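Chemist: Quick mapping for you: the protein sequence lines, in order, are chains A and B. FYI, the numbering for the first sequence is 1 to 95, going by this note's numbering. FYI, the numbering for the second sequence is 96 to 482, going by this note's numbering.
Hints were generated in silico from the structure; no laboratory data involved. Note that the structure is predicted; figures quoted are calculated from it, not measured. For glycine and all other residues, C-beta sits at the position ideal for the given N, C-alpha and C. It is possible that part of the hints are untrue.
Unchecked claim - Pulled from the structure, derived: some chain B residues nowhere near chain A, Cβ distances all over 12 Å:
#, residue
1, Asp154
2, Asp208
3, Ser216
4, Glu382
As the list claims (entries may be wrong) - Which residues of chain A face chain B? A partial, calculated answer using Cβ under 7 Å:
#, residue
5, Val15
6, Thr17
7, Gly49
8, His50
9, Leu54
10, Tyr66
11, Ile70
12, Gly71
13, His84
14, Ile88
15, Ser90
16, Arg92
17, Trp93
To be verified - So the derived label-pair ranges between C-beta atoms look like this:
#, chain 1, residue 1, chain 2, residue 2, range
18, A, Lys22, B, Lys101, 49 to 59 Å
19, B, Glu221, A, Pro47, 48 to 58 Å
20, A, His86, B, Glu444, 33 to 43 Å
Chain by chain, the residues:
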Amino acid sequence: MPKGLVHSKNDDVCVATTDIRKGEEVICAYLENPSSYVIVKSESDIPLGHKIALRDIRKGEKVLKYDRVIGVATQDIRKGEHVHVHNIKSLRWGK
Amino acid sequence: MTSTIKAYVRENGAVGVRNHVLVLPLDDLSNTAATGVAKLIRGTTVIPHPYGRLQFGRDLDLLFHILSGTGANPNVAGVIVIGIEENWANKVADEIAKTGKPVEVFPIEGNGDLRTIEKASRKALEMVQEASEKQRTEVDISSVVMSIKCGESDTTSGLASNPAVGVVVDRMVDQGATVMFGETSELTGAEDIVADKMATPELREKFMKVFREYTEVIEREGVDLLGSQPTQGNIKGGLSTIEEKALGNIQKLGHRKVNCVLDYLDQLERGKGGTLCFVNTSSAAAEAVTLFAAKGSVVHLFTTGQGNVVGHPLIPVIKITANPKTAAQMSEHIDVDVSDLLDLKISLEEAGERVYKYMLRVLNGRLTRAEVLQHDEFSPIKLYISA
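Isolated chain A (complex conformation):
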């Protein structure tokens, strides 16, 4: 059973649908075609609803979810790491 869902095939993040422990191999299914999936090894504990990086993202790079930019990385993020307010920020609001 998948433990994460990805909105769109170009997305950089998978959303955890259950609490995930560091070191777990997480099956992330694509919502557009739920029989397709990608497996990512979790580099951190990820609470239900939080995001895991599906690729290495460098500081300053834009982050895609829903095939849209949801923010920019404020530091380097490794594949499998927790993606949240500590390492991405809005391009619209917030300093």
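Chain B: place on chain A using the hints.
Modeler: Chain B only, in chain A's frame:
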């Protein structure tokens, strides 16, 4: 296949799904007398609020729009208006009277609270008995005006509960019903997608004007909205930025064109058939639901991730979540749990069907959890300071 429901057809042909006798205080000073009536007379609903004195301009117009619209709501059988000054109370009562439903004004000046409560209670007694004889009759679902909003959202809202509501929205619009959505600030980052859903260039321009005005207020105040948008609850639930929140938010709009844009003071046109309408609202749950109800919504679908508990005194608010923890920890607030959609155990269509069927039961009379828990939030929007 078109659905039918059993509902109350009002004097002006509008369809209600509840049968309240409303005691409406015009201003903050009239709350005590209005509450006094509600304590004496079983079957009345009172909606205390903190406004109505020395407001002016667009702000006063908006308060009157909300008060008279709330009284005119098809879920209301009759209205008792109580105000400190008679002429102000009459302004609201006259608007409500245009629906043809019984409405009566009781001024406090020259009477005092006790005499006002007595006179108003005698009238309320008659109205409740009258209302108790009103029967539900079978009507087409196209006569339903509904609204949608999410609150304490998290990533599960964008993944599952909002798209499930989107299925219901499509179905309602296709059957000729009216659906309102709003949350102007929470479209930030997805406003272009909403603009692209507008049926005409004129609607697109009106929507973008409303959106820009809202954004300008935020910019003029020079505030950093991070922490309030997304909220702390949103962030706890995994939402990182306003863009991410907005993209999740719009999942509940479904796939139909938006053929109506209403700014604060605009009235919803009834009976156009198959209407999806953007309404300029704040994203605060109680304020938005209050404005939707004032514009004629008789039922509200409310998705929540981390667990928003909002209700409304007159319209049923159906709470839907896809977060399994929230469904378990706050079960008394949740009407429909679609968390199995996260595990892909059901399809999106099945989740939408579950919400739709539940909504039909509520339209036919089943009380929502917010109604049973007496979540009677009534929060008129205030635009600026009073005189």
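Chemist: Can you list which hints this structure breaks, lowest number first?
Modeler: 9
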